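For the record, the sequence lines run as chains A and B.
The first sequence begins at 0 in numbering that gives the first Met the number 0 and counts up by one.
The second sequence begins at 0 in numbering that gives the first Met the number 0 and counts up by one.
Derived by calculation from the structure, the hints in this document are not laboratory data.
Everything numeric in this text was worked out from a predicted model, so none of it was measured.
Once the Cα atoms are required to be at most 25 Å apart in a straight line, the calculated DSS-like pairs of lysine-lysine come out as:
1) B/Lys66 with B/Lys115
2) B/Lys43 with A/Lys47
3) A/Lys149 with A/Lys27
4) A/Lys20 with B/Lys115
5) B/Lys115 with A/Lys27
6) B/Lys43 with A/Lys27
7) A/Lys43 with B/Lys122
8) B/Lys47 with A/Lys27
9) B/Lys218 with B/Lys43
Take a look at the letters that make up each chain.
Number of protein chains: 2
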Amino acid sequence: MKKKSNDVTGTGEFDLIDRLKFILPEIKNKDVLVGIGDDTAVIKINTKEAWLVTCDIQIENRHFRLKHTSLYDLGKRAVSVNLSDIAAMGGDPAFALVSLGLPPNLTVADYDALFKGMRDQMKVFDAHIIGGNLSGSQKHLIIDITVIGKARIDHIVQRKGAAVGDGIYVTGTLGASGAGLAILEKYGRNYPEQFQPQVDVHLSPQPRVAIGKALAREKIASAMIDLSDGVAGDLYHICQMNDVGALVYLDALPFTEEVREAAKLCKLDMDQLLLHSGEDYELLFTAPDSINSDRIQEIGKGFGIPIHRIGEIVLRSFGYKIKEQTGEISPLKPQGWDHFKTV
Amino acid sequence: MKKKSNDVTGTGEFDLIDRLKFILPEIKNKDVLVGIGDDTAVIKINTKEAWLVTCDIQIENRHFRLKHTSLYDLGKRAVSVNLSDIAAMGGDPAFALVSLGLPPNLTVADYDALFKGMRDQMKVFDAHIIGGNLSGSQKHLIIDITVIGKARIDHIVQRKGAAVGDGIYVTGTLGASGAGLAILEKYGRNYPEQFQPQVDVHLSPQPRVAIGKALAREKIASAMIDLSDGVAGDLYHICQMNDVGALVYLDALPFTEEVREAAKLCKLDMDQLLLHSGEDYELLFTAPDSINSDRIQEIGKGFGIPIHRIGEIVLRSFGYKIKEQTGEISPLKPQGWDHFKTV
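Work the whole structure out from these sequences, hints included.
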């Protein structure tokens with residue numbers, strides 16, 4: 000047991016990040032508007048604009064399995080998880096740097112396909128790969144991408160900003176990526192066609208850049224984060240950052256019929272899937288109740304993406320809770336997807 | 000044999016980067032002043048200034064061995080190899096993002112020490128870690144750092160710019176890192192004290208930021224690169240970029256007595272060590288012969304670092320050659336340190 004608590008695996012991602020508060024000095028450079036602890040760092044360009052900078056490391060058999068995905072889709076996905084962080088700040092993707100660790104069994108055709116996927120996903124947002132670094136890797140493919148986006152400073156939405164009384168909203172539906180992964184694990188690549196949308200979300204999620212920008216520009220979102228760790232894990236980051244609690248309504252969590260069916264087929268617990276499975280890369284945001292709920296729905300409709308109110312920000316003293324279908328209120332575990340576990 | 004030429008290991012780092020010319024679209028964003036193919040990408044901030052952005056992935060047992068280094072030194076080193084790229088453009092380091100893949104056996108104390116090393120090396124240049132990403136890794140420690148620097152646009156020195164007739168110069172001395180590694184491999188951590196400087200260069204090289212800035216500001220360097228792959232490999236990048244050849248004088252390559260002694264003890268070929276061993280992180284630059292050689296030496300002296308003229312840029316038709324001590328001229332192999340091999 001002693002060993003476990005002293006090694007990084009026993010400590011966990013969030014506690015490790017928390018330690019940095021005590022190790023790293025306070026940033027006194029006034030160009031750094033946001034440092035560690037948000038979806039992206041924010042660096043001032045001039046009085047009106049800022050760069051958003053974020054990176055994300057993806058390791059084979061931890062974040063993806065090559066038996067499930069084409070290299071092309073993997074390239075798109077590796078870019079998308081970073082674009083999703085830019086989206087969560089309300090920014091516009093602009094540039095990427097790509098670091099790769101290439102295992103010996105990777106073919107040149109694989110390498111080309113990976114870059115083509117990255118290129119095509121960047122192209123959707125008129126963004127470009129401008130640099131990077133290649134290395135060999137012993138056994139597993141490693142993809143680390145840094146994305147730089149741009150935003151108007153007065154439009155940037157941070158994790159900070161949620162207040163008691165704000166509604167909690169999510170774009171799209173939940174659990175699709177987790178369901179897609181379960182379907183792939185069960186059937187391999189010959190899965191029933193009806194689950195194509197879930198598999199697609201898992202293998203190549205669509206970052207919510209346009210809707211993120213609209214929510215930011217119209218000053219609707221008071222705080223925002225992208226769903227990489229799942230609702231329970233990611234909403235907890237917002238609560239901690241703002242010293243508030245939250246009440247999530249279980250029966251308000253949006254999902255598709257296929258997700259329910261996949262859960263049944265794969266013997267997944269639906270509550271677990273909707274609350275604790277990650278990598279949907281939807282946006283979770285809070286908005287003051289003064290903002291007309293119809294206006295929020297309307298914005299979603301404009302992009303063909305539903306937006307659902309799934310709960311409310313409450314006093315910290317109330318805690319972090321879930322309201323069951325029965326009306327019963329119980330604690331919500333702040334655990335989400337843990338990237339220290341294997342997929 | 001067929002397999003070998005189709006996999007990434009058989010293709011090699013430089014050819015893989017070359018393929019991107021055909022895969023990635025031309026960058027039409029006019030804010031991107033330099034894209035793939037230099038030490039850093041360059042993004043315009045305003046009419047006078049630009050960001051320099053670079054990343055470098057370091058993988059355990061490929062770029063470093065934990066039996067040789069403390070985690071603190073490793074943190075410093077991982078930052079330094081990126082700062083060295085900023086130095087090679089004549090820029091000022093400002094910010095870093097840190098992506099880590101942490102293996103299960105790493106302790107929290109290791110993690111802290113790694114970040115302390117990174118922090119302290121950034122602090123030397125008044126630069127800050129502003130973001131990052133953590134993941135578990137199966138077996139090996141992975142460190143990928145993105146560094147952002149700043150430079151005046153009219154001061155930036157690129158790989159492009161060398162012309163026939165330019166002298167070729169290096170800062171400091173050569174072969175120290177390779178000698179330090181050989182000493183560590185031979186003796187472990189109980190190496191003879193006289194080789195401390197070489198071991199230090201290997202474990203924690205000092206990026207030549209101040210001298211790089213001076214060479215850029217005084218418009219002395221026409222082209223510049225940092226020595227990560229070794230003189231023969233890195234100078235070749237400059238030749239290719241400028242469609243020129245080079246003649247290197249073997250007897251002008253600077254080294255210390257300890258490096259010669261380490262080579263003898265460890266049975267290393269001196270020419271190989273000086274030309275083809277990498278990771279010295281000195282600067283290699285070209286300068287027009289119109290620039291007074293004394294002025295170049297003087298700049299070096301100002302920083303306590305010798306600068307040596309080691310050759311000249313010649314017509315491409317002359318080729319890529321080395322002048323031996325005997326006066327004989329023979330082809331110089333453009334091979335350097337290959338990060339697709341293990342250390």
